[in-house]
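Engineer: Read off the chains here:
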Amino acid sequence: MSEEKETKAGEKPKKPKIPRQSMPEQDPHKRAGNFDSVTLGYKMEQAALEASRCIQCKKPFCISGCPVSIDIPGFIKLVKEKEYLKAAQHIKKYNLLPAVCGRVCPQEDQCEKVCIVGKKGEPVAIGRLERFVADYEAAHGEVPLPELPPKTGKKVAVVGAGPGGLTVAFDLIMLGHDVTIFEALHKAGGVLVYGIPEFRLPKAIVEREVQYLTRLGVDLKLNHVIGKIRTIDQLMKEDGFDAVFIGSGAGLPWFMDVPGENLNGVYSANEYLTRNNLMKSFDFPKHDTPIKKHKNVAVIGGGNVAMDSVRTALRLGADNAYIVYRRSRAEMPARKEEVDHAEHEGVQFKNLTAPVRVIGNEQGWVTGLECLKMDLGEPDASGRRRPVPVKGSEFIMEMDAVIIAIGTSANPLIAQTTPDLKLNKKGYIEVENETTCRTSKKGVFAGGDIVTGSATVILAMGAGRNAAKSIQQYLQTGEWTPNGKQ
Amino acid sequence: MEELTFSEIISYAKIAEDNAKKFYLDAARIANLSHVKEFLKSLADEEQGHSDRLDALQKNLNKKGVVPKVHEAIHTFGYTDYIKPVDHLDQDATYKDVLEVGMAKEKEAIQSYEKFSLYVDDTEAKKLFNLLAQEEKKHLKRFEEEYDDLQDQKY
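So the protein lines, in turn, are chains A and B. With the first sequence counted from 1, adding 35 to any position gets you the numbering used here. With the second sequence counted from 1, adding 1 to any position gets you the numbering used here.
Be a bit skeptical, because a hint or two may be false.
[Stated by the list, open to error] The list that follows gives simulated cross-link-like pairs (lysine-lysine, DSS-like), each with its CA atoms no further than 25 Å apart:
{"#": "1", "chain 1": "A", "residue 1": "Lys-460", "chain 2": "B", "residue 2": "Lys-23"}
{"#": "2", "chain 1": "B", "residue 1": "Lys-139", "chain 2": "A", "residue 2": "Lys-461"}
{"#": "3", "chain 1": "B", "residue 1": "Lys-116", "chain 2": "A", "residue 2": "Lys-460"}
{"#": "4", "chain 1": "A", "residue 1": "Lys-504", "chain 2": "A", "residue 2": "Lys-128"}
{"#": "5", "chain 1": "A", "residue 1": "Lys-371", "chain 2": "A", "residue 2": "Lys-155"}
{"#": "6", "chain 1": "B", "residue 1": "Lys-139", "chain 2": "A", "residue 2": "Lys-460"}
{"#": "7", "chain 1": "B", "residue 1": "Lys-116", "chain 2": "A", "residue 2": "Lys-426"}
{"#": "8", "chain 1": "A", "residue 1": "Lys-426", "chain 2": "B", "residue 2": "Lys-142"}
{"#": "9", "chain 1": "B", "residue 1": "Lys-128", "chain 2": "B", "residue 2": "Lys-85"}
{"#": "10", "chain 1": "A", "residue 1": "Lys-460", "chain 2": "B", "residue 2": "Lys-42"}
{"#": "11", "chain 1": "A", "residue 1": "Lys-222", "chain 2": "A", "residue 2": "Lys-315"}
{"#": "12", "chain 1": "A", "residue 1": "Lys-461", "chain 2": "B", "residue 2": "Lys-15"}
{"#": "13", "chain 1": "B", "residue 1": "Lys-22", "chain 2": "A", "residue 2": "Lys-426"}
{"#": "14", "chain 1": "B", "residue 1": "Lys-23", "chain 2": "A", "residue 2": "Lys-461"}
{"#": "15", "chain 1": "A", "residue 1": "Lys-460", "chain 2": "B", "residue 2": "Lys-85"}
{"#": "16", "chain 1": "A", "residue 1": "Lys-457", "chain 2": "B", "residue 2": "Lys-15"}
{"#": "17", "chain 1": "A", "residue 1": "Lys-128", "chain 2": "A", "residue 2": "Lys-189"}
{"#": "18", "chain 1": "A", "residue 1": "Lys-408", "chain 2": "A", "residue 2": "Lys-426"}
[Said to hold, decoys possible] Restraint-style ranges between C-beta atoms, simulated for each label pair:
{"#": "19", "chain 1": "B", "residue 1": "Leu-151", "chain 2": "A", "residue 2": "Phe-430", "range": "22 to 30 Å"}
{"#": "20", "chain 1": "A", "residue 1": "Asn-468", "chain 2": "B", "residue 2": "Tyr-120", "range": "50 to 58 Å"}
{"#": "21", "chain 1": "A", "residue 1": "Ala-365", "chain 2": "B", "residue 2": "Lys-64", "range": "48 to 56 Å"}
[Unchecked claim] To give an idea of the chain A side of the interface with chain B (calculated C-beta under 10 Å), a few residues:
{"#": "22", "residue": "Gly-336"}
{"#": "23", "residue": "Glu-433"}
{"#": "24", "residue": "Pro-447"}
{"#": "25", "residue": "Leu-456"}
Simulated from the structure, these hints should not be mistaken for lab results. By construction, the Cβ of each residue, glycine as well, lies at the ideal position given by its N, Cα and C atoms.
Make a model of the complete structure from these sequences and hints.
Structural biologist: As structure tokens, then:
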């Protein structure tokens, strides 16, 4: 049926509304058996059509909805004009990782949530356009390196090559400082390489973005565990760094502490995903790290990490892959898109269910999971109703693997070796505020998950951007007083 | 069971609070992580607060001779029924370990008071034990809520 409505005589017909362009994706049944990208990205015509939906607001709320304040109308205008490389160049002024953010940012809670077009219909697909532009650039030649300012002679150490650390490094190298990133793993990218699966974020994209940084002159030191190889004090007092940014993330997994959790076949989501994403166990023996193929897999949790784990389990050949979540679907913290994708691929959801015991055989392998039904009680501080166990509702599910994805905390290594670094009671680094990112230790800044606990890629990048501004101010003035005042 | 005076019951409860305070302070002394050390000290302060409240209750009882009524029912989540029992904290204890121990200790206190309330015949003494159990349930719930907040991947 035509969207164009009948008009009264003499009245100018309204321009038909262009619907939000859907993004092509692999067939759910097919993709559940491979690690290729689920979503396939816009074609040029779709991108241009989608860009034409943007009404170029005079006061664009979308920019304030973006944690790194990308000039969204500006780049979309260039897409509409089919100036795709210029659009990529324009985004890169604000965001080092557009191909990443275009894929994994929760745009529905940020820029797209406040899009004016979305008030009377579906918002402009900002994330999809960002991805298109970045992918176009990758396929059609690199954006030339920007001209760098003269060197300032200041040295900054960045601990952790995750999204926050990469952003700080980019912003500071562009200001003329010497930047060295210390990364504990053998690849840069943090959660982008060990956490998010290939089917959601191809690793070649991350490598390309990291290469852009090293081409700009950032010194990337891999396999460097700060807190073990060097301490923060050593970096500052012996190695000559004028400032340090800590962006080491929250990589220490929580466990449930229920009986049976030490059985073979129980994994933290961190281990399970790292084996697959970073060590490529799905491609064993081409890559060295194997992983056992399990038939019945339960993933505990309802966040994006849980969805990534359960969809990985399916792709590794599980007959039954379950999400076991304490609350209902409405309270799931995972992106709706990820939950929908998981469901379409065949993931089974056991909501309002909490594990109370992992059951094993005499050989020490998982054979089952005892669970309890839950009810929803009073709301917590975030407004989500707390799950309350229903007494006597225990039941057992046959299982041979259990993956725990209930959350993570800060690795204590840096805190243990930096006694004057103030932490909050949960073990995260305390900063003066989210704008200055200053810690209790002079010259040391922090941002991302190590400050906030597990959050999104773009929030860590936003923290990195703020930290870079604050570091620049410190390097220029040497001032270290609250809010930069004398 | 021999009848207990209010004073004896409150004294018992105060000893329990003092023991809990000592437990947290001892754990704080050996804790390696500074933030855990601080958290343990804050829990010790809270136990002192509970002990002070018992003093206030004692004064009130001496004056009025009537145990205040328990008005609201506190529903706890019962995590301690399922997680592995924890009764000590070592030097590498984490925030989560402390919460688990805290929950276990509060649950133990609730069970003690509820058991005592069954053993005494005096109605007022029963009410007093129930009141003390109610107080401990509030403490347990506060621990449970913090624990619950941890057990949820936010993204």
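Engineer: Decide, hint by hint, whether the structure agrees.
Structural biologist: Hints and how they fare:
Using a Cα cut-off of 25 Å, the hinted pair Lys-460(A) and Lys-23(B) holds, with the two alpha carbons roughly 20 Å apart. Distance hint between Lys-139(B) and Lys-461(A) is fulfilled; the C-alpha atoms sit about 21 Å from each other, no more than 25 Å. Simply put, Lys-116(B) and Lys-460(A) have alpha-carbon atoms about 34 Å apart, too far for the 25 Å limit, and the pair is violated. For the given pair, Lys-504(A) sits about 15 Å from Lys-128(A) by alpha-carbon distance, which is consistent with the 25 Å threshold.
Between the alpha carbons of Lys-371(A) and Lys-155(A) the distance comes to roughly 21 Å, so the proposed pair stays at or under 25 Å and holds. For the given pair, Lys-139(B) sits about 21 Å from Lys-460(A) by alpha-carbon distance, which is consistent with the 25 Å threshold. Pair hint Lys-116(B) plus Lys-426(A) holds up; C-alpha atoms about 21 Å apart against a cutoff of 25 Å. A distance of roughly 17 Å separates the Cα atoms of Lys-426(A) and Lys-142(B); the hinted pair therefore holds under the 25 Å criterion.
Restraint check: the Cα-Cα separation between Lys-128(B) and Lys-85(B) comes to about 32 Å, which exceeds 25 Å; the hinted pair is violated. For the suggested pair Lys-460(A) and Lys-42(B), the alpha carbons sit about 11 Å apart, so the restraint of at most 25 Å is met. Of the supplied pair hints, the one linking Lys-222(A) and Lys-315(A) holds, its CA atoms being roughly 13 Å apart against a limit of 25 Å. Under the criterion of a C-alpha separation no larger than 25 Å, the hint pairing Lys-461(A) with Lys-15(B) is inconsistent with the structure, at around 29 Å.
For a cut-off of 25 Å, the pair hint linking Lys-22(B) to Lys-426(A) is broken: about 32 Å separates their Cα positions. Between Lys-23(B) and Lys-461(A) the alpha-carbon distance is near 22 Å, which keeps this suggested pair within the 25 Å criterion. In summary, the hint linking Lys-460(A) to Lys-85(B) is supported, as the alpha carbons are separated by about 23 Å, within the 25 Å threshold. With a C-alpha separation of about 34 Å, the suggested pair Lys-457(A) and Lys-15(B) falls outside the 25 Å cut-off, and the hint is violated.
Proximity of Lys-128(A) to Lys-189(A) is assessed by CA-CA distance (about 23 Å); at most 25 Å being required, the pair is judged to hold. The straight-line distance between the Cα atoms of Lys-408(A) and Lys-426(A) is roughly 8 Å, inside the 25 Å bound, and the hint therefore holds. Here the CB-CB span from Leu-151(B) to Phe-430(A) is close to 25 Å, well matched to the stated 22 to 30 Å. A hinted range of 50 to 58 Å holds for the C-beta pair Asn-468(A) and Tyr-120(B), which are about 55 Å apart.
For Ala-365(A) paired with Lys-64(B), a C-beta distance near 51 Å keeps the hint of 48 to 56 Å intact. Interface restraint check for Gly-336(A): the shortest CB-CB distance to chain B comes to about 5 Å, inside 10 Å, so the restraint holds. This hint is violated: Glu-433(A) has a C-beta 20 Å from the nearest C-beta of chain B, more than the 10 Å allowed. Of the supplied interface hints, the one on Pro-447(A) holds, with its beta-carbon coming within about 6 Å of a beta-carbon of chain B, less than 10 Å.
The beta carbon of Leu-456(A) comes within 8 Å of a beta carbon in chain B, closer than 10 Å, and the hint placing it at the interface holds.
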